[in-house]
Amino acid sequence: MNKLVVSPSPHIKDSITVEEIMYSVIIALVPAVVAGAYFFGIEILAMIAVSILTAVVTEYVAMRLMKRKFRNDGSAILTGLLLALTLPPTVPLWIPAVGAFFAIAIVKCAFGGLGHNIFNPALAGRIFLALSWPSLMRKWPEWVGPDGITTATPLQLWKFQNTLTPYFKLFIGNVGGCIGETSALALLIGGLFLISRKYIDWKIPVSFIGTVGLLMFLLGQDPIFHILAGGLFLGAFFMATDYVTTPLTGKGRVIFGVGAGILVVIFRMYSGMTEGVAFSILIMNAFTPLIDKVIKPKVYGTTKVKT
Amino acid sequence: MFRKFKGGIKLPHLKPTAGFTIERMKLPSLVVVPLKQHIGAVCEPLVQKGEKVKTGQKIGDSHANLSAPVHSPISGVVKEVRMHPIPTGEEVPSIFIESDGVDEWVETSGIDPEKAGREEILSRIREAGIVGLGGAAFPTHVKLNPPKKVDTLIINGCEGEPFITADHRLMLEYPERIMRGVEIMMKVCGAERAIIAIEEDKRDAEQQLKKFETERIKIAVLPSRYPQGDERHLIKALLRREVPAGGLPFDVGVVVQNVATAKAVADAILDGKPLIERIVTVTGAVRLPKNLLVRIGTLFSALIEECGGPAREYDKIVAGGPMMGFAQWCDIPVIKGTNCVLLMKSVEDEERDCIRCGRCVDVCPMGLEPTMLASFSKKKMFDKCLEYRVTSCDECGCCAYVCPSKIPLVQYIKLAKDALRRSA
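Residue numbers (this note's numbering), protein chains in the order written: chain A, 1 to 307; chain B, 1001 to 1424.
Pulled out of the complex, with its shape left as it was, chain B reads as follows:
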């Protein structure tokens, strides 16, 4: 009936943690809470060194509309506020909190979404610090308040990258909560229908969610194909609509939210719980791969320790999946958008000359010519990159994955985009 986007690749189904129940990780003794974990403005700290904080207490906020507050994930004492790297490589002011081991919460109370007005729900979502949990971390209250009328809310449960199973487990273990969140989000964004999109390697999750399927909220199972979880391609596969270049999904009447975001919204509205924890798949070269429920700000080193330490030699720690994740150079904290921590051994590939096989062109879901972009970028012909629409690239990595000459195409493309941003 539908369901194909251009290009893309079939990735190996490598998800060893798919069958592992979510485990709550023990409270960390130290957390590092970056004041920017989202797309948008950096928050101002609301606490000072030496101050006592409770779990769920707001410790950073911003007046900017495109931003989201951050909360203390544990109770304890603020040790310091200083710059620290986050998974994207950026350095942002971060609040270091030492645990008192008590986990004493602030008072929280939920509201009835049936009775509450749209504005009230939106402000609660903002106050809870909710951002897109699929990885991009776009503030949810902004996304749910589109400037145009939308008819469809798509809930993204594709999780197409190898190794990551955080959303999969969430759908299996919290289907009802997700559904409650979807209902709330539909009310807020004004969509008449919602589609929960799952890839066919997660049929068990489909069964769980089906129990709660309604007239207005449908489950759609799509063939597993990367990068279907990218909202542009998901919209195309489900609705045959194309988001205009430079535009956003609401331009075609759609809002896309991740399944974990739906659950976070339900938690925030029904229980008044701010976003202070999330599910992270810790996998790869660890002794005991796990799906962990982790407090935000927990350091990667603590996660690795929780999973029994390294099982074999590794020299790469990736925040996120193997296709789009970021390789880290030091110990960094889990932030709101961190769905996976992957330990692996790096492979050194020697870059060769392009043999013009055209594989990158065939797989590019955006319809770009990655080899041309890379060769222009290499020669610093960035205006040419612009002409070849380098700005449309989502950096999904399909091109570099299939390249027989092992050209780091995404790297050259990132370089060109960065140079263009600087010169703009």
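Chain A with its partners taken away, still in its complex shape:
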């Protein structure tokens, strides 16, 4: 007989890999990138490129410094891309570079790299930028798009001028805002792709967006406006579904989504911050280990779940 390999079962495995997942999420973001380039100009592609490049180089250097193997598994590219999509369209190019560096070096690699970070790197990077350079990060300039000029985001118009942007404009994304968050349509296409291919769990976006809609309705606000406005779709489909920083179980994910939804409503109704979605998800990231500790699946043949 030949020389035989002995290994534990199972002897066959599904073809899925980390790379497949990461690149699928990147592909799912292409419609949002296209929408951003269409509404805010082709220059935003430079921001995305700088952000991705910085993220990948930072990860490479960080892994080398930690004497660990660098793998281009797509996760750094994804973080860079997501970070760029949360930025206003007019920031100077060093902003995405600094943000991506912070996201990868401090938020991801310092905690042990892919799989070990507590907070969503892209969102933490975004908050770092917003706290460090608030004026740059909250500048919604007049811009020349295909059919109009705007000066503020729909949420600012709602908060400070009591004006509701029409649903259709919000849905298409022809409004002021961060480059990847404005087009609900583009984000929905990507999100549904990921759900249909089972790359992400539908429970998080549904419970997250559903909670925001329901609470806003109960508070006498327009729920559809609040669902479509701001970074909710980008956050719910692409940030709150990050595997590493969200709960392991289905029930836990629902709790995560509902919790994030409640926080978004609180931020929008009772604070002047524009980063409501980002803060909400980051706060729930911090609760994830606790949720995982308390919420356990029911073990077959047991009546009481041990915690």
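Hints were generated in silico from the structure; no laboratory data involved. These figures come from a predicted structure and were not determined experimentally. Do not rely on the hints blindly, as some may be mistaken.
Unchecked claim - Below, a sample of chain B positions facing chain A; criterion: calculated Cβ distance under 8 angstroms:
| # | residue |
| --- | --- |
| 1 | Val-1318 |
| 2 | Met-1323 |
| 3 | Glu-1369 |
| 4 | Val-1402 |
All C-beta atoms, glycine included, are put in the ideal place defined by N, C-alpha and C.
On the provided structure of chain A, position chain B as indicated by the hints.
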């Protein structure tokens, strides 16, 4: 109406031998008969080196209740009795018999199950050395004699793992025998009804068995979903009952037996034939994959030769299916629980860090969190594994199958279970 268990996975339907009629393999020139082919006590040898034995002669037995005797699968001379590995990796005393090429049988005679008493049938089943032929090899006479009242006998014809078609062929070619065995087993275990469970990729087997369906013995077709053939999940899918953790099916009024076991019982009672052969699917990288009727103790190398030798390069021989089978390191014999011999090429996967995608949690039919168990096991925190109910794991392999980081979750879980067993 019913029929779902939690989790599980849809496996590719890879069963190239499903259409191949069972072939009787030529008599092997040498057999290696392990004295433990079942769950329970090792048998004492009843023969010595140099002794002549006949086919069907009892050559090993034990006084322990949880055990099953073994019989000589051929006629010939005992060459030696020494330790030899069995498919699970364990080394057990084994009897080496060289064939005289005659296949001279001991006298056998059947009984009429209608007239025979329950005790007599049970002792005949024990004497025939019958154990569960689905793989676990639990002594059948013990399983059919539960300490509690049972109402349902489930006959397991799921055979959900890829490549294995031994039970499928058996159902197609011996439906009446299986039914006779089911009737006998119902009488013995006291169940009022029996359900023969088949997965929907075996509709042809359903048609064959339907011809013999009665008021008390029904055929149920379930959607194909792995690991439905695990008795705990089969009971859940069919009856919505959950076997308590640490308990056995009789705790919820059920006995589960494999279709091949039913046929073996019929052969033992009606013809007095001990269990000395079984159907083995030999498949994968062999030139001519086959469903072979093989004498117990036949070496895997003889099976591979019977199937035309390797068709392409292989470096893994799996006893059992690709999901739960055992990879072998040397030539070993077919034992009572061996339903498949699979030759394959190994794939080397590099283990990565867990990305917490939760796929393993979603697919675990037992409701466990395999990634947590693996990370505790890796850190040797075995008490934590216990707290997370590692002992409930059936090692079905769904978690490791779906893991994108290619973490050998089952290996870590086995490690933890083993460490806990040792420290207990």
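Against the structure, the hints come out as follows:
1. A cut of 8 angstroms between beta carbons decides the hint on B/Val-1318: the least distance to chain A is about 6 angstroms, and the hint holds.
2. This hint holds: B/Met-1323 has a C-beta 5 angstroms from the nearest C-beta of chain A, less than the 8 angstroms allowed.
3. This hint holds: B/Glu-1369 has a C-beta 6 angstroms from the nearest C-beta of chain A, less than the 8 angstroms allowed.
4. For B/Val-1402, the interface hint holds, the least distance from its beta-carbon to any beta-carbon of chain A being 5 angstroms, beneath 8 angstroms.
Checked against the numbered hints above, the structure violates none of them.
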